[in-house]
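Just need the whole structure built from these sequences, with the hints factored in.
Residues per chain are reported as follows:
Protein chains: 2
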Amino acid sequence: MISSQEALEIILANALPFGEERIPFLEATGRILKESIYADRDFPPFNRVMMDGIALAYQRVADGQTQFYIENIQAAGSPQRTLENPHNAIEVMTGAILPEGTDTVIPYEKIELLDGVATLHEGKVTPNQHVHFQGTDRTKNDELIPKNTKITPVEMGLLATVGIKEVLVSKVPKTLVLSTGDELVEVDQIPAQHEIRRSNVYTLMSLLAQVHIKSDEQHLPDNKPLLKKKIKQYLNTYDCILCSGAVSKGKYDFLPEVFDELGVQQHFHKVKQRPGKPFWFGSKGSCSIFAFPGNPVSTFVGALYYFSAWYTKGLGITPKETKAVLTEDVIFKPELTYFLQVKLKSNSGSLEATPIRGNGSGDLANLALADAFLILPANQEKFNKGTLYPLVQYR
Amino acid sequence: MISSQEALEIILANALPFGEERIPFLEATGRILKESIYADRDFPPFNRVMMDGIALAYQRVADGQTQFYIENIQAAGSPQRTLENPHNAIEVMTGAILPEGTDTVIPYEKIELLDGVATLHEGKVTPNQHVHFQGTDRTKNDELIPKNTKITPVEMGLLATVGIKEVLVSKVPKTLVLSTGDELVEVDQIPAQHEIRRSNVYTLMSLLAQVHIKSDEQHLPDNKPLLKKKIKQYLNTYDCILCSGAVSKGKYDFLPEVFDELGVQQHFHKVKQRPGKPFWFGSKGSCSIFAFPGNPVSTFVGALYYFSAWYTKGLGITPKETKAVLTEDVIFKPELTYFLQVKLKSNSGSLEATPIRGNGSGDLANLALADAFLILPANQEKFNKGTLYPLVQYR
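Residue numbers (my numbering), protein chains in the order written: chain A, 1 to 395; chain B, 1 to 395.
Calculated directly from the structure, the hints in this document are not laboratory data. Some clues are possibly wrong.
If several chains are the same, the list does not tell them apart, and a pair holds so long as it fits within one copy or across any two.
What the hints assert, rightly or not - Within a straight-line C-alpha distance of at most 30 Å, the following computed BS3-like cross-link-like pairs (lysine-lysine) qualify: (1) K110 with K382; (2) K147 with K270; (3) K230 with K165; (4) K165 with K385; (5) K251 with K272; (6) K313 with K272; (7) K385 with K320.
For clarity, every value in this text was computed on a predicted model and none was experimentally measured.
This is the structure we're talking about:
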């Protein structure tokens with residue numbers, strides 16, 4: 001059996017770039033940019049008025065002039081005006097281009113306007129004040145957003161500003177979520193006493209939707225010939241299959257043999273961790289298969305930790321590692337990486353993790369009380385209050 | 001002029017619940033639950049086998065019996081079998097109902113199976129081991145998810161388990177994003193020297209999409225009669241309008257007078273903050289209007305801070321307050337709340353905020369270098385390295 005760290009390394013070694021596609025920029029929030037975005041013009045593209053008021057030549061103010069005849073108006077969106085008489089001023093609006101012949105803006109708050117003449121209030125005027133000069137933020141052809149940036153609302157504004165209507169982003173893998181197990185019935189059915197409703201597929205689909213993957217889902221009974229026939233098709237259709245169930249030692253846990261018979265390369269089966277030990281990972285061609293044990297906490301933590309790492313690498317980004325401080329001593333003796341359910345709290349700028357113990361891998365309800373899994377290493381038995389550990393967070 | 005804190009209080013006082021709607025549960029990720037979800041059965045609903053192996057009566061092991069004839073198989077998804085002879089055992093699969101007459105599971109790893117007889121390995125057997133007994137996680141009718149919970153993949157799994165195909169969630173406000181300003185051209189146009197492309201609307205739409213609001217957008221020129229005519233319609237159509245531009249002192253900043261003439265109640269105009277001082281907020285009937293100044297950083301921080309607070313309250317949830325530690329001394333003298341752009345870094349479990357100074361409210365490009373705004377209070381001039389301040393985060 002391999003360690004959780006080895007499992008992660010094998011999975012990452014099997015994560016290849018998903019390729020690229022050009023999509024309408026309005027659909028790009030949350031996607032990963034696959035081209036650098038450059039300034040198409042200077043930022044700002046012209047000497048831009050920053051306050052509503054008047055524009056004049058600073059030298060006149062320095063020379064002691066306090067009254068200025070308003071000879072014109074420069075609105076935002078109008079072509080540049082020219083100050084005809086250097087002793088005059090032009091009324092200017094925020095966002096307008098600064099008129100030719102002027103270099104300084106005096107806001108309305110600092111002048112008296114009467115009969116077309118502006119009288120300056122007393123007080124200091126700074127040359128070039130309230131003008132955002134062309135190119136002071138960025139110069140034409142400067143890189144504004146590097147490749148492999150996750151697109152947030154800020155990047156959306158920048159894409160719009162430079163006129164990128166369609167943007168090159170990472171593709172996402174075509175993904176199938178597959179449940180097995182004859183004890184499962186559909187959400188709208190009433191289960192018999194020995195049955196339960198399907199839930200892992202919906203947890204996984206929701207997790208995938210959060211990272212912009214619209215997945216398909218299927219359910220297959222514990223029937224080996226049928227599993228083999230269907231999975232053969234899926235391997236040709238999908239880039240990724242997330243399975244839940246049928247990977248342990250049970251008489252009807254057919255998946256590992258089915259994968260083997262279909263020529264899927266097994267990279268590992270079983271990981272020294274709790275929960276989720278019977279996790280199976282393999283690939284065939286461009287299809288990667290994560291087969292998680294069917295207990296809900298096992299499937300969930302497996303997808304959260306291993307699938308997310310694989311996905312992130314395929315997108316071409318490096319995830320931020322988050323750590324939290326354990327608020328209680330924890331004893332865990334088995335030589336397994338322990339994914340401990342915790343509730344998170346931000347306290348004085350530091351993230352605190354309090355264990356929320358449930359009844360193990362089958363206890364779905366307990367997940368609703370927690371926010372994350374703290375990752376406690378296998379080579380230790382006692383985990384001290386006040387120590388930092390990495391975590392995978394879902395809330 | 002009111003303080004940022006007063007502005008926030010007025011906005012929150014004007015945030016009413018958005019109402020409720022029932023939607024397919026598969027579309028509910030990220031939405032706010034408006035009903036409590038209860039267990040429809042015990043969790044687990046039956047004594048559930050947790051390991052693949054054999055089930056037997058513990059008393060036989062206590063009595064020293066080490067060999068058990070396998071009289072049947074209990075698969076997951078099959079109705080409950082009964083152990084006919086109490087000296088025998090039944091093969092059981094993970095997820096199966098525990099057979100009648102048995103109380104303990106011995107996993108395959110701890111037995112030798114030969115010719116239909118299981119011989120136990122030496123070692124301790126604990127009564128009731130590897131059985132997840134009915135009702136040990138939750139009892140029928142227990143609350144599983146309280147009302148006003150944000151639905152994550154975990155809640156999706158629980159909704160599926162209890163058979164909720166349609167779920168009651170908070171409605172989201174029907175929202176319009178409205179830009180004004182004659183200097184603006186569309187994303188696919190080439191701007192003249194004095195023009196720029198529309199970007200704030202796309203930033204806002206992206207921000208709204210992240211919180212599950214599919215907004216509409218419009219652009220209106222600096223034409224008062226047209227503004228009045230169109231906004232009159234919008235007031236009857238939308239629950240919320242986010243405007244960018246036309247709220248300052250400029251000659252074409254028509255919005256405040258248009259709102260006044262349309263009977264919109266102004267709650268405030270101008271807030272002691274930087275950036276975003278000329279922010280205007282009002283309401284008419286069930287429509288709330290956030291009119292932000294048009295500079296991109298002003299609009300963005302206004303929506304992130306004020307709109308988000310209003311939205312969160314309307315949904316019925318309390319946002320988590322996050323704070324970060326300032327990593328450098330900052331001097332800011334004006335008596336204004338200062339929204340300082342910062343880059344965040346998690347360091348030893350604590351969140352650190354490093355200022356990323358740009359060229360003010362017009363500097364959209366600088367936002368791409370930062371992750372958040374640290375909120376520095378107005379009644380202070382010096383902000384010391386190592387101090388904690390609240391923040392609004394966008395990345």
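Right, here's what the structure says about each hint:
1. K110 with K382: Between copies, since 27 Å is at most 30 Å while 68 Å is not.
2. K147 with K270: neither (37 Å within a copy, 38 Å between copies)
3. K230 with K165: Only across copies: K230 and K165 sit 27 Å apart there, 40 Å inside one copy, limit 30 Å.
4. K165 with K385: neither (51 Å within a copy, 42 Å between copies)
5. K251 with K272: within (22 Å within a copy, 70 Å between copies)
6. K313 with K272: within (23 Å within a copy, 44 Å between copies)
7. K385 with K320: Cα proximity of K385 and K320: in one copy and across copies (24 Å, 24 Å).
Consistency note: the structure conflicts with the earlier hints numbered 2, 4.
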